[in-house]
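Visitor: Going down the list, the protein sequences come from chains E and H.
The first sequence: position 3 = 3 (UniProt numbering), numbered continuously.
The second sequence: position 260 = 260 (UniProt numbering), numbered continuously.
Because the hints were derived from the structure by calculation, they are not lab data.
Where hints are given, some of them may not hold.
[What the hints assert, rightly or not] Computed Cβ-Cβ distance ranges for the label pairs, DEER-style:
id : chain 1 : residue 1 : chain 2 : residue 2 : range
1  : E       : T136      : H       : K286      : 52 to 60 Å
2  : E       : P135      : H       : Y683      : 23 to 31 Å
3  : E       : L175      : H       : G221      : 36 to 44 Å
4  : H       : R996      : E       : D161      : 21 to 29 Å
Built from N, CA and C at the ideal position, the CB exists for glycine as well.
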Amino acid sequence: MATGQIFNPNPTVFISPSTKSSSSSRHLLAAKKSLWMNSGELSEFVSGNVWEDNEDEGEDNEEEIIDQDEIFDLIRKIYDPEHPNTLEELHVVSAPQITIEKNLIKVEFTPTVPHCGMSTLIGLSIRVRLIRSLPTRFKLDIVVKPGSHQSENAVNKQLNDKERVAAALENPALLKTVEDCLSGRD
Amino acid sequence: MSAERLVHTWFASERDEEVIETVSEISNGTISLLNVVKALGEYLTSEEDSLRTKGVEFLSAVLSRCPADKINRQAARVLTTFYCSKLEDSETIVPALKGLASLTKLPSSTSEDVPSILDAIFEHVRMNGLVQSVRFQVFTIIDTLIARHREAMKAMNNNFLGRYIALVEGEKDPRNLLVAFAIARVLLIEFNISDFVESLFNITFCYFPITFRPPPNDPYGITTDDLRQALRGCLNATPVFGPLAIPVFLEKLAAGSPTTKRDTLETMSICFPVYGSALARSQARKLWNALKLEIFQPTDPITEEFALRTTQDLVKTIYAEQLSGGSDGDMVGLAQDACEECMTILREPEKSQAKPAIKVLCAFMSTTPSVAQYTVTQTAPYLVKLYTKSDNIASRPSVLLLLSELIAAVRDSRKDEESESFELPLSPFKDEILGIVSSALRNPASRDPALACLLGMVSTKSLLSDEELGFIVHNVDEILSEDSEDAEEASAPALQLLVTISLKASHHIKEQTLPLLFGMLPDDAPARDAALARARAWRILSALNTLCRQPELFESLVIRLNTKLDLLCVPLTPPSPQEVEPRAAYAHSILTTLHQTLLGKVEEGHADVAKYIESLVPRLFNLFIYSGLVSGKIATDSRLLTVAGNIIGAVVQNTTVRRQESFVQALFAAFMDGRFEGIAEGYHKIPSSNVFAPFNDSAPRKQRNLVILMASAVLPLHKEIRIPVPDLSVFLESVLTWTMAETDVDSQRESAWKMMSSILNKRSADASTFVGNMLQNFWPQNIANRSLPSEKRNRAIQIWVWISKALLVCNHAQASEFTELLFDVFDDADVKWSAAKYFGDVIRTDSVLTKQNHASIKMLYAQRFVGRILPRVTAGAQDPSEPEKQISYLVALTSLISSIPKTLYIHDMPKLVPLLVRGLDLPDHNIRYQVIKTFLSVAEEDSAEAISDHISTLIDSMLKNSTVENMPFVKVRASALKYLGVLPKIVRYDILHPHRAAVIRQLAVSLDDLKRGVRKEAVDARTAW
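Assemble the whole structure, with the sequences as input and the hints as a guide.
Guide: Spelled out as structure tokens, the structure:
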């Protein structure tokens, strides 16, 4: 950010639980599907995509619906505009703060400090990421956690006002900052 | 030819020939250099400028090629005086410098000449009036003089230095600077520079930091780094630069770009030790403040890393003189201040600044022993106290994480030290740390960092006693035995810790952990609907697989699992029908575990694998032959047989030729003659009254299935081993007939084909009759024969492919006849599809004919094959005259391409791309998948050109393959999307731009795909566009 002002110079970093899908839940998932063990179950870490080598898969078109975790996956890696940490590490976003009801997705986020001037930018980044990554049938509602920000209403209003969001994204400098947050910095 | 004539000719022609001729005349003594000078006389004194220039030029050209022994001292002195005088003349200065450059290199040029040469240069040469190449001659002359007559120049000292500095000031060309920096380093180190410090500082530091970027295709090949290194050689040449340099460094560090910052940091690192500890100490505060900024508010991780290293070098410089074991009082200054500063920050261990703070403290571990000792003594107890006293329970995991980093840093700092004489820095605190860590293990939130602490301690050489290791194993075992989700989360790092311990003290694992895990493994198979119990069993097996690589532990594993298998597969009371499959599946998972552990051992090169041919292998044969022959519904499942076969194969693969020899005798005695006693030994008693003849036509399926085991045991045999049958051709023939029988199941057949392929590959000389029969009888009767049912013919094609492959890999003379025949059926509706689809399999690397299996693999066999076949297949796929055949060729092409390494076809990409794009419309999803994979694999290479011409069809096809309506197969959709996501990275934007809107619109559809994996690729692809 061009302005030198830093709203929270030393935020708390949370130890994120291992991001890999844990082997235990993987075992359970596989055990529910089949009696037979795949040799892949024996290694603790599965790398890459499971679908790659699964030759006989394909017919099985069981629907996997978009859930909390999938949405969380989309936004956890967004970077905080102020710090070299992700929103997940700073506990700005978390899976339980996401709710899905049919075609309405509500994402709640917690600014690290109540006076954080970056809140709108964070919210905007979340919105842009989700607009780009979710089917158009979803309506997005992005709000700060109640009581976590001194100008909660103003921020919420700004984030959910279509025209204002559109206007903000017309601003090349702002869009660049958002892109930086989304892609991680170099 | 006389000198005069040569000179005159050259003046007329200016050709190199005359110069060469002159040199050779001088070399063989016909003329002397003096003759040449005399002959040049009139030109050298000519009134005409250009003649004078040319005269000197000729002389210099001759001199540069003249053999050194033809120029005596006398001549050298004369030439020196001559050239020096020519420096006065602005017309001759350029060739004169060239001459001097050659002359000064000659042995006959001595230190006597130095003053006059230098005087002439300093007096007459004005650098800013000369072009680069001439200035380069000047630098070369001085460089040569310094190299050869250093003492003479040192005697001149001030007289030389002052004038030299004035001469080189303002030089900008990188080629000249490289020489100038080399000269400057010598001056700085060896000359008395006391009167010129500031001016020398100015002519070196003015280039810092180097910002030179070599132009593209730079013919001189000078890199930024060359200059940087050369300049650094000057900057750290003398301690007197220190006081002047530090402010420059600080300024560049504060204001620079990341590259400048890194350059500055690295330069500081190498300068500190030269500038000395007194200066470092007096500037410590300022330097630390600047470095701190780079560490605590880093521009990027690399610069941060550099800053940490520079801090280390600063600390090392300051405390270099102190020996270890000094009192804390010696630490006054930076080490103490920085330590305290960092520890103050650690007071809030969960905050983001704690991370860089612990990094600084960890960095101190790799400085001097005394600083390391001091840092540990301060930090370790502080963190322990922070953990125990902390009011904030929530911050405990953070404290442990910091502690684990410290422990790892202490460990790594001592890696190269062999001596164990003095105390380990962590020893005094290990009891306290073990105390808090073992209590932290019980709390799920702090489990991971606690395990990290333990891992650091366990992997520190000689820190923990055997007893303490046992204590840790005991504590960690509790996590494994705990049946909760949290405990399962932690099992991976817990196992990693146990594996580390097993490398040092495997008996703890054997005595404590293994009994626990074996005890947890259920005796009976979990029922069909007991997914939780099944997952738990798998988790334990997975843990065993990770742990039991060490010979001693693996032995226990084999014994315990073997017993379990015997009981599972041959229970006392026959299992009920609904029990059979879960039981078989459980046995399968146990076998899989054994196989995977064995593979892990093979990979790590363990020698004990071979000995299992005496125990594990006979026991498996015993169990399976018993089940196939006597009774048992479980160990007759082909899936179990396959894994058991893999285990046997892995063991046989690693046994010696000798042992294989006797093994194969017993193996064939069993399978060919029914004498299985020699190979099957174990728990189950097999009555010898049972007839074992799996190759018999009337053998029941259960017996025929056992051929899977035989095949796996034959695949890894060495070439030298003769197959113990009277006639190999007859044997292969009979196996062939056996596999063509209608009743067989796929897995039997395939195993037998692999066995045939492997034998033929290694022993083709013994089986020439068989090869001939294949071509003369088998092909016309079983494949070309259109009256046979297509199913049978297709099966025959698969056999054909296996045989072709065996011969091709060993460069057999008849291999090409086999592949040629396949083209014959490309228009045969019944078999063309399999002929084309399996075509690539002929060359595809598989798990059978491998180096590990001791196959006979000839060099470049794939290159030859592809070189012969690819043009033909490509041409066939392009030829529209016979549409039927064209499709077959196209299929064969996709099959071929997906089987071979991309280096073999990457040059043909422009021709292949349009064909491959057509392959995306073929009605077989596997082919489409292979084609997309091919596109993906060449995406990294330079395929952009080839693709760009077909971009719009390519994008359309990929989009079509990415939607559910057009493509029901998940992996095709996902890979098509993945490829779309790669395109923006490899194809120029202006080519993609016209498609952008359409692609983004179309990708939105895939964002709503039913499958998560597909959606993920769609998200990535869309982001990329």
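Visitor: Against each hint, give a clear statement of whether it holds in the structure.
Guide: Right, here's what the structure says about each hint:
1. Between T136/E and K286/H the beta carbon distance is about 58 Å. The supplied range of 52 to 60 Å therefore holds.
2. The given range of 23 to 31 Å is broken by P135/E and Y683/H, whose C-beta atoms sit roughly 59 Å from each other.
3. Distance hint check for L175/E and G221/H: the Cβ-Cβ separation is about 42 Å, which falls inside the suggested range of 36 to 44 Å.
4. Distance hint for R996/H and D161/E: a CB-CB separation of about 28 Å, consistent with the stated range 21 to 29 Å.
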